[in-house]
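**Student:** Given chain A, work out where chains W and P should sit, using these hints.
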Amino acid sequence: MTNSADEPVGPRPTIFVEKQTYRMRRIMDAARLVPLLGVVFFAIPLLWPTDPEMRITTSRTILYLFGVWVVLILVTMRLSHVLRSLPPADRSTDRGGAL
Amino acid sequence: MAKKVLLIEDEPNIIEAISFILSRDGWQVDTHSNGHDAADVVRKKGPDVLILDVMLPGRSGYDILRDLRSGGGTETLPILMLTARGQGKDREMAEKYGANRFMTKPFANSEVLEAVRNLVGV
Amino acid sequence: MGALNALIAVCLSYVALLFLVAFFAERSAMRGRGGWLRSPIVYTLSLSIYCTAWTFYGAVGYAARSGLEYLTIYIGPSLVMVGWWWILRKLVRIGRSQRITSVADLISSRFGKSNLLAVCVTILAVISATPYIALQLQSVTLSFAVFAEAGGGGQSLYTGESTALWVAMGLSLFTVVFGTRNLDANERHHGVVMAIAVEAVVKLFALLAVGAFVVWGISGGVSETLSRIDASQLGQWQVNGGRWAGLIMLSAAAFLCLPRMFQVLVVENDDEGHLRTASWAFPLYVMLMSLFVVPIAVMGLDLLPEGSNPDLFVLTVPLSQGQQGLAMLSFLGGFSSATSMVIVAAIALSTMVSNHIVMPIFLRVTGGGASVSGDVRHVVLLSRRVSITGVVMLGYIYYRLTGGGEALASIGLVSFAGVAQVLPAMLGGIFWRGATRLGALAGLSVGFVIWLYALFLPSFGPGFILSEAALLNGPFGIDWLQPQALFGIAGLDPLVHALLWSMMLNSVAFFTVSVMTFPSPLERLQGAQFVNVFQHSGGPRSWSGGVAQSEDLMIMAQRILGAAEARALFQREATRQGVRGDLPEPSPDFLESLERELSGSVGGATAHAMVGQIVGGMSVSVEDLMAVADETAQMMEYSNRLEAQSREVTRTARQLREANSKLTRLSVQKDAFLSQISHELRTPMTSIRAFSEILRDSDGLSGDELNKYASIIHDEALRLTRLLDDLLDLSVLENGQVNLNLRHGQLGDLLDRSVAAAAASDDGRALRLTRDAATEALSLHTDLDRLSQVFINLIANARKYCDADQPTLDIRVTDHGDLLWVDFVDNGSGISTDAQDVIFEKFARIGEPRVGGAGLGLAISRQIMQRLGGEITYLRGESGAAFRVSLPRPAMAAQ
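The listed protein sequences correspond, in order, to chains A, W and P. Per this note's numbering, the first sequence starts with residue 72, numbered consecutively. Per this note's numbering, the second sequence starts with residue -2, numbered consecutively. Per this note's numbering, the third sequence starts with residue 110, numbered consecutively.
Derived by calculation from the structure, the hints in this document are not laboratory data. Incorrect hints may have been included.
A few chain W residues that don't get close to chain P, going by computed Cβ distances all over 12 Å [said to hold, decoys possible]:
#: 1; residue: T71
#: 2; residue: E92
#: 3; residue: Y94
#: 4; residue: V109
Straight line, CA to CA, 20 Å or less: simulated SDA-like cross-link-like pairs of lysine to any residue [as the list claims (entries may be wrong)]:
#: 5; chain 1: W; residue 1: K1; chain 2: W; residue 2: R82
#: 6; chain 1: W; residue 1: K86; chain 2: P; residue 2: I786
#: 7; chain 1: P; residue 1: K951; chain 2: W; residue 2: R82
#: 8; chain 1: W; residue 1: K86; chain 2: P; residue 2: A781
#: 9; chain 1: W; residue 1: K86; chain 2: P; residue 2: R705
#: 10; chain 1: W; residue 1: K0; chain 2: W; residue 2: K86
#: 11; chain 1: W; residue 1: K86; chain 2: P; residue 2: L790
#: 12; chain 1: P; residue 1: K951; chain 2: W; residue 2: P54
#: 13; chain 1: W; residue 1: K86; chain 2: P; residue 2: Q785
#: 14; chain 1: P; residue 1: K909; chain 2: P; residue 2: A882
#: 15; chain 1: P; residue 1: K199; chain 2: A; residue 2: F112
#: 16; chain 1: P; residue 1: K199; chain 2: P; residue 2: G854
#: 17; chain 1: W; residue 1: K42; chain 2: W; residue 2: A(-1)
#: 18; chain 1: P; residue 1: K199; chain 2: A; residue 2: I98
#: 19; chain 1: W; residue 1: K86; chain 2: P; residue 2: T773
#: 20; chain 1: P; residue 1: K779; chain 2: W; residue 2: R82
#: 21; chain 1: P; residue 1: K199; chain 2: A; residue 2: A101
#: 22; chain 1: W; residue 1: K1; chain 2: W; residue 2: H29
#: 23; chain 1: P; residue 1: K951; chain 2: W; residue 2: G85
#: 24; chain 1: W; residue 1: K86; chain 2: P; residue 2: V777
#: 25; chain 1: P; residue 1: K199; chain 2: P; residue 2: T386
#: 26; chain 1: P; residue 1: K779; chain 2: W; residue 2: G85
#: 27; chain 1: P; residue 1: K779; chain 2: W; residue 2: D87
#: 28; chain 1: P; residue 1: K199; chain 2: A; residue 2: I115
Note that the coordinates shown come from a computational prediction; the quantities given were computed from them, not determined experimentally. Don't be surprised by glycine CBs; every beta carbon is placed ideally from N, CA and C.
For reference, chain A alone in the conformation it holds in the complex (with noise of 0.2 Å):
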């Protein structure tokens, strides 16, 4: 396979489609991890201290909690445009909740 890259392209370029689709199964994994992590980043604040001295202080969790949210946002966002460019024949194929 180490010379695989000299070769004139041949009839059947599959290849490139193979890989195409292979990176298309890997962005829908990353799209069903997104919540997974967004629970994970979310349940963090449980484990800070209940002691009252080393409360953590209100702000401090806003800007946490809301600097998480625009993260899944954000990685949301650029997934979703990713996956956009699905072909619908992927898309249907794919099947769904099985990882």
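**Tutor:** Chains W and P alone, transformed into the frame defined by chain A:
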């Protein structure tokens, strides 16, 4: 003079077999293989015995039977019905429409011969 | 006084503006110029009805009382939206492909179109939505009162009741006018959606304006605001962990299950692509909605006198600073939040009430079901309008009865917990094929009862149905039944406690009962369509149109869809089928799509019943036999139970008769088949026996005769073998036990081989073939042997039956991209129209039976093509006999 049998049947091999059996016994065998005009053929030829298959192209054997029994000089013609369907229902139909004998395929050659002989009282 | 008059004037002009917006949106949609109405932004904005007055005003109050906990209400839905690839995408696809009209319809359709389930979900939804609607009316009333106070005392004219009543009536009117313009609940309400989008902008703008005023106008900047927050009583992160996690989960669940959210998310969805935009835009919207909540709350606590209602800070903070205009804007924001929620909730609930409660009762009372003459469209519309008014008025009555007191404030989350009970059945239904109707019913009932007992009733405080003693010590002193400490687990937050038990036992009941019960065939069919929504293309057959009368279907469809639309639908289908005239063949595909079309108007269960009543017939398959048996068993049970009621009994008896006649028809078909087999087997056996007896018993046969008779026996034995082979082949194919041996190959080679094999047999006459090698240069990936079996059969048939002087067979290949057609057309006189319907049936031999073969060839070919995912059809309109073999894309090799 030899007695006449008319055989109405559509399978060539079966026609051949029955003709062979009956001719060897001294019968004069006529055959016909279409249901459409079977009743007319029977009336024209005036056989002593009729062997009638049930599943015929064009017209069912029961129809022909009913037609023959309804008039035209064939009301009392001895008729042997043959069928390959072999359900109790078929025997009832045959009896109801006035067949004298009813036999299910496959049959023993001697049975057919016996039945034809009995029907004309030989 | 002046302020109040101005407020009323602004309010009325705002309402007039909304009417106008809705009206023009509706008009341009009707003229087909509504492209901009269907943009993803409008879709996203319409989702904002999630933010009701409870969140517009209440979020600040919530923050003033419990700090950052209010964020959970927005984080939950945000997570659902960013996770659209998991659930929403599937939900929207199912909703669109099955023409789902509501949450109740979704659950009912999934579980075998059970109306009982639909009724349960509807009742649950109405019970939990009513207090919520009351809450919206209360918020408008309260905000009015704030202005009345600000405008000077003695405003007895504008008492809460009259305001609430006016608002309720106005909302009913708006919803009736724009929510029931068209009968098809599945069609988009462009006017309503557009008005809601405008309201969404108004409320976001209002809240941002108040927030900006507080941060930059009063505090003097972001850092000042942050330090002010830290200095206030909300200054430290102190959130109850259980509530934090529980509420995120609860709001996420409610976001999926709330009837009004389902309405905008799924039913009003025009394009699945919009979901992609909404997946980030909606979280952005709610994030902005919650951005300034804490600053406003802190400022209100700082500026306003002790004991002011924090729920109204959004209004009272600008008022206290003399900002009348800003307060007015904020009032409009709150007004928008309240009205848009009530409008959509009323549409969603009325669809459910009308489709699953009113219409079934109406159809039953009027007796004949689908066979009554006359147009029922006005009945459906009327029932929907009455339901809308009923739902809104129910909210008003609730508001009056509870006096609009403190009890309402907490009802938001209680209501969320109520609708969340639908979640297990919903998710189970779309992801798990094993979920059954009884499971869903069990889960829903268990969840509903626990919610009612542990959360809803106690939310009214002691003395309402549950006495104080019962609340504290359990009913009749049974300790472990204490509503707020079930099974002796005390000390939990009441909401988390109720949520935990109701959802847990709900899911357990749903799962356990699903595992233990067996779904009906229809349930399994629907389950497969829902769970595999991304794979299913045509969907399994459910109807067979053998007995259906297109005309009856047409009459029924006209009554539901309206004459023009029904005619257009039938015409379209007739054209698609290539049938001349207006009436298409009642093919299974058509019946299924018709049923879906109807379900947009009257709900899945009713539509199924209506089509079923007319079609009646089923094709002969094990599954259908099961369905008939299942139906019969159910009806027997039914009739035993209702023996006393003679009318019911007559009805049941009729259905039993129908089921019986179905079974009789099936039995007749089976008899005919057996009798055919008997005939085909006995005929060659007769020759064999007769000639073997001749050979045995006859003396003096000539050598020729011996030879001839022996070869007759031989030929007939071969014929018998061939017949048995065919029968076994067919039986294997029909039972689906056949293993496909998929290989790559060239279509041209395959045809060459098939032609050679067909020519090798000595049946029939010589045949001239015309082929085009260029079109045949296609590679295939399929079971080549089976496909060639089909080709051989078709070529051999042409040899046997083509009656032209010089028989010629034309083999044409057409590549349609996703479909490959191989047509076999001969130049004979073709097959008569009558015979065309039966040639693919077993033993359907046409014309001379002499030419060999038992009449199983085409039946086998049809089965093979089904297994290969394609089909074989008779082509009408050619001069000779013409067959088309269609192979789908997957059977062709990828390029």
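**Student:** What are the numbers of the hints that this structure violates, sorted from low to high?
**Tutor:** Those not satisfied are hints 4, 5, 9, 10, 14, 15, 16, 23 and 28.
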